[in-house]
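J.: For the record, the sequence lines run as chains A and B.
When we follow the working numbering, the leftmost residue of the first sequence carries the number 100, and every step to the right adds one.
When we follow the working numbering, the leftmost residue of the second sequence carries the number 98, and every step to the right adds one.
You may find that some hints are simply not true.
As the list claims (entries may be wrong) - Dumping the calculated DSS-like pairs for lysine-lysine here, alpha-carbon to alpha-carbon at most 27 Å:
(1) K101/B x K147/B
(2) K297/A x K102/B
(3) K147/B x K296/A
(4) K147/B x K102/B
(5) K177/A x K102/B
(6) K296/A x K101/B
(7) K297/A x K101/B
(8) K101/B x K177/A
(9) K147/B x K297/A
No lab work stands behind these hints, which were simulated from the structure alone.
Spelled out from the first residue to the last, the chains are:
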Amino acid sequence: MTSARRAAAEAWAFRARVEQEAALRFDWLAGVVAGFDAGSPVPAMMRRAADDERRHTELCATLAASLGQSVALDGDPKFVSIAPRSLDERKAALYEVVAACCLTETESMATLTTLLAVETDPEVREVLHAISRDEVVHSRMGWAHLSRESVAAEVAFLGPLVPGMLAGTIDEGLFGPPPTDEDPEGLLRLGVLPLQKKREVFLGTLEQVVFPGLERFGVDPEPGRRWLAQAAAQR
Amino acid sequence: MQFKKLFQVLVLGGAVLGAAAGCTQANAADKDKKPPADAGTTDSSGGGVKGW
Chain A
100 MTSARRAAAE AWAFRARVEQ EAALRFDWLA GVVAGFDAGS PVPAMMRRAA DDERRHTELC
160 ATLAASLGQS VALDGDPKFV SIAPRSLDER KAALYEVVAA CCLTETESMA TLTTLLAVET
220 DPEVREVLHA ISRDEVVHSR MGWAHLSRES VAAEVAFLGP LVPGMLAGTI DEGLFGPPPT
280 DEDPEGLLRL GVLPLQKKRE VFLGTLEQVV FPGLERFGVD PEPGRRWLAQ AAAQR
Chain B
98 MQFKKLFQVL VLGGAVLGAA AGCTQANAAD KDKKPPADAG TTDSSGGGVK GW
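Extracted from the complex, chain B is given alone in its bound form (with noise of 0.2 Å):
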């Protein structure tokens, strides 16, 4: 396993991809949006995504 080939690939090669377009900026309405009311975990240091 090529470990170093993978975090060039990957997230190097993903900042290039988030570099290339125009940049974002805070807004602050963000502060006071809150996601869906059914949405969150109910635990407050958050959950996990299960991969291969």
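Bound conformation, chain A alone (with noise of 0.2 Å):
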């Protein structure tokens, strides 16, 4: 198996992993916000997003064996919150809107975008084109609930809370050096970003997608900013 092929089969199996807990995420979502904003379109887009999600896991599960790495998925699989437990309900599920959506739907929009914009193999091609129109969505639903919390309640308690978000959705390696054996073109075939682009991708639509959208609805985005400076500082 080329290097290529093995890492992209792991980047998708991982993708599987992911696209679960997606789902379990957003089925707690729609409940909870439901319950305090009876009028928001965001729980029907969430239990919507929820069934996305669930088909996103088959897709990525389905194309990682077929690159050469079965998914051992959770059977019973348990929502567990990201959320600091000094956070009241509406609080804790405007962190995980935030985390889930205006961050990491948001990153993998710019993702799933950057990698329509080249080559790929068929299989890879069409797998991402059906998850790109799903995700738009999910991250909008994300922005379209901070958005309305930040009229009818407080948000600001959110940005010294970003740095907690980015540190959970980065990985270890984003700042390092990229495997000896990475072969760019063969990844990017496979649907997966080599290290240089995929920091590149992601310190890009945080600077320039996240953030502002963070300011614009009343959360600092600044304590962030620093903590991405800092870790970018220290590889």
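Both chains are given apart, each in its own frame, so use the hints to dock them into the complex.
T.: And the structure:
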């Protein structure tokens, strides 16, 4: 097996697990948000998103298997919150939405957009297309919820918590050197960004999409910016 | 990568979606409402969500 194929198989297997976890989170959030914001379109979007993520789990697992790596998914997965315990339910829901949608789903859309702009294998392209159609909505529903909460509730508490979200999102190796056997062309064909491109897309999305978005709705992006500068300097 | 376009489609597009429906309101009861006992990280600063 080539290094690109092996790395891509691992990446798609990882994505399958990420999508499974996202489905659980959106199911939970749909119920919680509906409890305090009955007029919001977000809960219905979250329920559809959970179904999307279950479908994405299958797509990613199938692709990983076709690349040579079978995926062992949790047969009885449970939702585990990432919000600080000190937050009440409404604030915890906002924390989860911002971390999952405004940050991670927005980054995923940037990755998908980048991958769809290059030449990929047909089987991979089909999966990227299918997933990107849904991920647009998954990111938007996060910004929709944050914008509603910025009007109705207090959202500034999130600013100092953004570094924790980033620390839990960023791969340990993002700021390090690429693997010695990395095959950038091969990875791109199989739907995976080589490390340098991944770093460029990730940081560009934070600086030009996520941080300005947070600021627009009253969340101070500076703690996140400072954390990011420190993390990058430590590489 | 057209970050400006992503900002418009995702951030501004999301805000439009959020504003299109009825207004939400603060609920005093939410202040006392806690997440499930098994929810929340042990880390007081919270965690993040892995993505692609």
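J.: Give a verdict on every hint.
T.: Comparing the hints with the structure gives:
no. : hint            : result
1   : K101/B x K147/B : 24 Å, holds
2   : K297/A x K102/B : 19 Å, holds
3   : K147/B x K296/A : 18 Å, holds
4   : K147/B x K102/B : 24 Å, holds
5   : K177/A x K102/B : 36 Å, violated
6   : K296/A x K101/B : 18 Å, holds
7   : K297/A x K101/B : 18 Å, holds
8   : K101/B x K177/A : 37 Å, violated
9   : K147/B x K297/A : 14 Å, holds
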